[in-house]
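Colleague: Chains as they are written, first to last, in my numbering: chain A, 1274 to 1578; chain B, 2 to 103.
None of these hints come from the bench; they were simulated from the model.
Each hint should be verified, as a subset may be incorrect.
Said to hold, decoys possible - Okay, derived cross-link-like pairs now, DMTMM-like style, lysine to aspartate or glutamate, Cα gap no bigger than 20 Å in a straight line:
1. B:Lys65 to B:Glu88
2. A:Lys1528 to B:Asp13
3. B:Lys86 to A:Asp1410
4. A:Lys1275 to A:Glu1348
5. B:Lys65 to A:Asp1535
6. A:Lys1320 to A:Asp1331
7. A:Lys1528 to A:Glu1497
8. B:Lys65 to A:Asp1400
9. B:Lys86 to A:Glu1440
10. A:Lys1470 to A:Glu1411
11. A:Lys1470 to B:Glu88
12. B:Lys65 to A:Glu1411
13. B:Lys65 to A:Asp1331
14. A:Lys1311 to A:Asp1438
15. B:Lys65 to A:Asp1308
16. A:Lys1275 to A:Glu1291
17. A:Lys1470 to B:Glu98
18. B:Lys65 to A:Glu1316
19. A:Lys1528 to A:Asp1438
20. A:Lys1518 to B:Glu96
21. A:Lys1311 to B:Asp13
22. A:Lys1518 to A:Asp1535
23. B:Lys65 to A:Glu1402
If you want the building blocks of each chain, they are given just below.
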Amino acid sequence: MKFKDYYETLGIERGASEEEIKKAYRRLARQYHPDISKEAGAEERFKEISEANQTLSDPEKRQAYDELGRHDPGEEFRPPADWDTRFWQGQAHQEVDLSELFEQMGFRSSQRRRQAGGVDFPIRGQDVEAVARLTLDEVSRGSQVTLERPGGGSVRIRVPQGVTDGERLRIPGRGGPGSGGGPDGDVYLHIQVLPHKLFRPVGHDLYLELPVTPWEAALGSQIELPSLDGRVRVTVKPGAQAGQKLRLAGKGLPKRGGGAGDLYAVLQIVMPTQISEREQELYRELATASTFQPRPQFTGGTTDA
Amino acid sequence: MPDDLLIPMDADSPVESAELLAASGLAHQELVELVEFGVFETREGATGWSFQTRVVHQARRAVKLRDTFGLNPPGMALALTYLEKIEALEQRLRELECLLPR
């Protein structure tokens, strides 16, 4: 079994009081709770903190943990010979994770207490939660993900067309098995859409940056651009402005009930950083010929409010 | 070999109160208060309230916040309202960022 130092996880001394454990947990929970922290790895860290707190905040579990003695985190160790039988009535020396062990211990001791009264009470199976990181193409076409089941084996889950970034899917009754007549847990799949080099999804809509030259913007032009299902042509009207959105209806991500979001091409007027003699000449000619005033609001006095 | 293919619930299919409570770990009284605060939208089901699948996710989130921070129902209602508001703003921000050159 790999050792985990729960005291170190919470940043407290081994002799810490219940109050100190609670304080340390609350402080770290506020810092790393996945709903609050957007830091990378916060969710992982929060799990470790919760696991440490669940064991150390329960006097019975804490005592059992303390009796394991001190080891380096990650070190392989064996619990004392009589430890299993005193605290945990599972199969001895089975390959288990420390967290599972303490979780089971809680279940078993509460089960024992109730069973003394002759009632086998039902426990709902554990939920299975997983994150699916999908490409935009997978989201758009629909996909499948394979999950490892906690008890071994794997399951495939269909990710239907039309899911969006951040969406959570639920499959009731397909998680861990319940016991004592309790129902099975559920499966939850959290969808995350991986960044795409061209398209940025917002819900079912897609945004694409469309760089154009000053003359394309001034004179208008036909531009071919990529979409999820092949190339499409858009018309840039003469006098187009930077930031203008060209909407391609139905070229976004498909929606679950049918239909699809839109694709927006956002116009950016780009300038070459270096231009030739000839180009400079043409710009100078344009400067002389044009009467365009881009800053009419600057004319007049500065005293006016 | 994977044994079978699981199909997720449709986002629109209704979830009854009992299932919502079992799936989230929320107590009945907490559910009543969260509905009263208007955090959870209800529909009339065959036997009392019914909810959209998205409420299951909200409820599970509320329970995680409750267990971590020792929140009562008004606290859960407030936390959920703020989190959802922040997420709506983040979505709007992403939308506006898409209008700017990268």
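Colleague: Indicate, hint by hint, whether the structure satisfies it.
Modeller: Okay, the hints, checked on the actual structure:
no., hint, in the structure
1, B:Lys65 to B:Glu88, "holds (18 Å)"
2, A:Lys1528 to B:Asp13, "holds (13 Å)"
3, B:Lys86 to A:Asp1410, "violated (29 Å)"
4, A:Lys1275 to A:Glu1348, "holds (5 Å)"
5, B:Lys65 to A:Asp1535, "violated (36 Å)"
6, A:Lys1320 to A:Asp1331, "holds (17 Å)"
7, A:Lys1528 to A:Glu1497, "violated (25 Å)"
8, B:Lys65 to A:Asp1400, "holds (14 Å)"
9, B:Lys86 to A:Glu1440, "holds (16 Å)"
10, A:Lys1470 to A:Glu1411, "holds (15 Å)"
11, A:Lys1470 to B:Glu88, "violated (24 Å)"
12, B:Lys65 to A:Glu1411, "violated (30 Å)"
13, B:Lys65 to A:Asp1331, "holds (19 Å)"
14, A:Lys1311 to A:Asp1438, "holds (15 Å)"
15, B:Lys65 to A:Asp1308, "holds (9 Å)"
16, A:Lys1275 to A:Glu1291, "violated (25 Å)"
17, A:Lys1470 to B:Glu98, "holds (15 Å)"
18, B:Lys65 to A:Glu1316, "holds (13 Å)"
19, A:Lys1528 to A:Asp1438, "holds (13 Å)"
20, A:Lys1518 to B:Glu96, "holds (12 Å)"
21, A:Lys1311 to B:Asp13, "violated (29 Å)"
22, A:Lys1518 to A:Asp1535, "holds (11 Å)"
23, B:Lys65 to A:Glu1402, "holds (14 Å)"
Going through the hint list in order, the structure does not satisfy hints 3, 5, 7, 11, 12, 16, 21.
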